[in-house]
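Colleague: Sequence:
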Amino acid sequence: MTLTPPLALSNLIDINVTVSPGAVVAPTFNQGLFVGPSAVIPSYGVNPRLRQYPSTTAMLSDGFTSMEPEYIAAQIYLSQTPQPQFIWIGRQDLTAIQIAIPHSGNAGTSYKVGDQITVVQGSANYGVLTVSTIGGGGAVTGLTTTVGQQGTGYSDATGLATTGGSGTGLEVDITAIGETLLQASQACRAASNDWYGLAVNNPADGDNLALAEWADSLWQTTRYYPWSGDTTIANGTAGNVALELQALNLRVLGIYSTTQSGLYPNNIYAAAGLMGVEMGLNTGLAGSFFTVAYKSIAGIAPEPLTQTQYTNITAAKFNVYASFGPYQNVQPGFLSDGSPSYLWLNLAMLVSYLQLAEMAVLTDNPAVPQTNSGEHLLIQAANSACAQSAAIGFLADGIWEGVTINIPGVQLTAGQAIPGGYLNQAQPYAQQSVNDRDAGKAMPIYCAVTSAGAVRSLLIGVYAQL
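In the working numbering, the protein residues as written are 159 to 624.
Hints in this document: simulated from the structure, not taken from any laboratory. Worth double-checking, as some hints may not be accurate.
Pair by pair, the computed Cβ-Cβ distance ranges are [to be verified]:
(1) Gly445 <-> Gln538: 42 to 52 Å
(2) Thr417 <-> Thr239: 18 to 28 Å
(3) Glu559 <-> Thr239: 44 to 54 Å
(4) Leu617 <-> Asp596: 34 to 44 Å
(5) Gln465 <-> Glu559: 44 to 54 Å
(6) Thr417 <-> Leu376: 29 to 39 Å
(7) Ile618 <-> Thr304: 38 to 48 Å
(8) Gln513 <-> Leu443: 16 to 26 Å
(9) Leu616 <-> Leu376: 32 to 42 Å
(10) Thr464 <-> Ser281: 30 to 40 Å
(11) His534 <-> Gln465: 49 to 59 Å
(12) Asp596 <-> Gly445: 19 to 29 Å
(13) Ala456 <-> His534: 19 to 29 Å
(14) Gly532 <-> Pro164: 39 to 49 Å
C-beta atoms are modelled at their ideal positions from N, C-alpha and C, and glycine is treated no differently.
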């Protein structure tokens, strides 16, 4: 006897199941990276270049010792209140190829510009050079390195064999070894986008300038914290690194701190401490708006300063951790470009909120029509993003004092009230050009925001009567 199976319930109740993709993870603006020279983290291979740690205990388990600069910096970073969730530790490889040149008499033949060749030296690995210039017969006359391809385990040597490329017979001399702090930081950025703050081990003035200029161009994803103990900053000497960063108008948060004749050796990690203060405070939760001014730095001794030295430091838009009466705190809380510490951090977060909100509209809808109603969806998304910044406390009711815009559909004039701290507007599609319509462009959104600001100083007038 053959059994007939029952009919499927879908004949009566048909259910469509849609599994939504995982939510896009927003960039982390509260995780800092410290770059140092310890060889615990490999530059290549398994889990290379940088690692995330929730505690210094995890670092010890990974092979760091309590005397290494990365451990000390992490200890200070994670000691701040509120405590940051994580710290990233990055590797500056001091055995990477810094400079290599063709070996005299063995520059090879038949090479081409752009050829990539690998340097062979004992157990060293991954050192790749690019042929930048050639001479007669394809002999190599110039070589360059590429960040992230400088290899590991190399040492100064002459007449090293190479593999790869179009030609044969090229030998090279390694004349300088070790990544710069900039190259190491760039390699860490290429390896991960999950960190925002950046401090490095014992930077020289040249390191601070190079890193600051690089990070400033990446202000939406990277904030650099220069550190210097050079007394020329406190003395106001022309040409000091703080004044140079100020003159270049760079968006970096620098700090002056000395070991005070060796009494406080850990003060060389003041930048890591300052970074930890900001990363711990920046939770992104409602009401979490902050300024770094007036905050304490655990693990760092306040700098003993005269009034003249304090004036010189703050005039150069460098920060200092000092004693003010019975209080110890950071002042003035400004970037080298003269803006308050919170401004560009919160603008970077707002940019991210706007990008994610608009992408959600474009991906969640079958299509966003090029109509005023479709534009309304995009404006709503911009409003939602700005509302996040307002909930944090960065944006608040204000009066517009910026540029004037007076075009059909968009009115923005000096003296205009900005309720809630933001106003998003767009022109009607009747104003769109044929070319923009054919290109599938939306009407541009004009986003005007007003910051809540943060009190930096206070004046009290006392009127007494006898």
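Colleague: Determine for every hint whether it applies to the structure shown.
Modeller: Results of checking the hints against the structure:
1. Gly445 <-> Gln538: 42 to 52 Å: The hinted range 42 to 52 Å is violated for Gly445 and Gln538, with Cβ atoms some 24 Å apart.
2. Thr417 <-> Thr239: 18 to 28 Å: Holds - the Cβ-Cβ distance for Thr417 and Thr239, about 24 Å, lies within 18 to 28 Å.
3. Glu559 <-> Thr239: 44 to 54 Å: violated, 36 Å
4. Leu617 <-> Asp596: 34 to 44 Å: violated, 59 Å
5. Gln465 <-> Glu559: 44 to 54 Å: violated, 34 Å
6. Thr417 <-> Leu376: 29 to 39 Å: 31 Å Cβ-Cβ, so the 29 to 39 Å window holds.
7. Ile618 <-> Thr304: 38 to 48 Å: Roughly 59 Å apart at Cβ, these two residues miss the hinted range, so it is violated.
8. Gln513 <-> Leu443: 16 to 26 Å: With Cβ atoms ~20 Å apart, the hint holds.
9. Leu616 <-> Leu376: 32 to 42 Å: Check passed, 35 Å falls within 32 to 42 Å.
10. Thr464 <-> Ser281: 30 to 40 Å: violated, 54 Å
11. His534 <-> Gln465: 49 to 59 Å: Holds: the Cβ-Cβ distance is about 57 Å, inside 49 to 59 Å.
12. Asp596 <-> Gly445: 19 to 29 Å: violated, 46 Å
13. Ala456 <-> His534: 19 to 29 Å: Given range 19 to 29 Å: violated, Cβ gap about 49 Å.
14. Gly532 <-> Pro164: 39 to 49 Å: Holds, since Gly532 and Pro164 (Cβ atoms, about 47 Å apart) stay within the stated range.
The structure is inconsistent with the numbered hints 1, 3, 4, 5, 7, 10, 12 and 13, although it conforms to all the rest.
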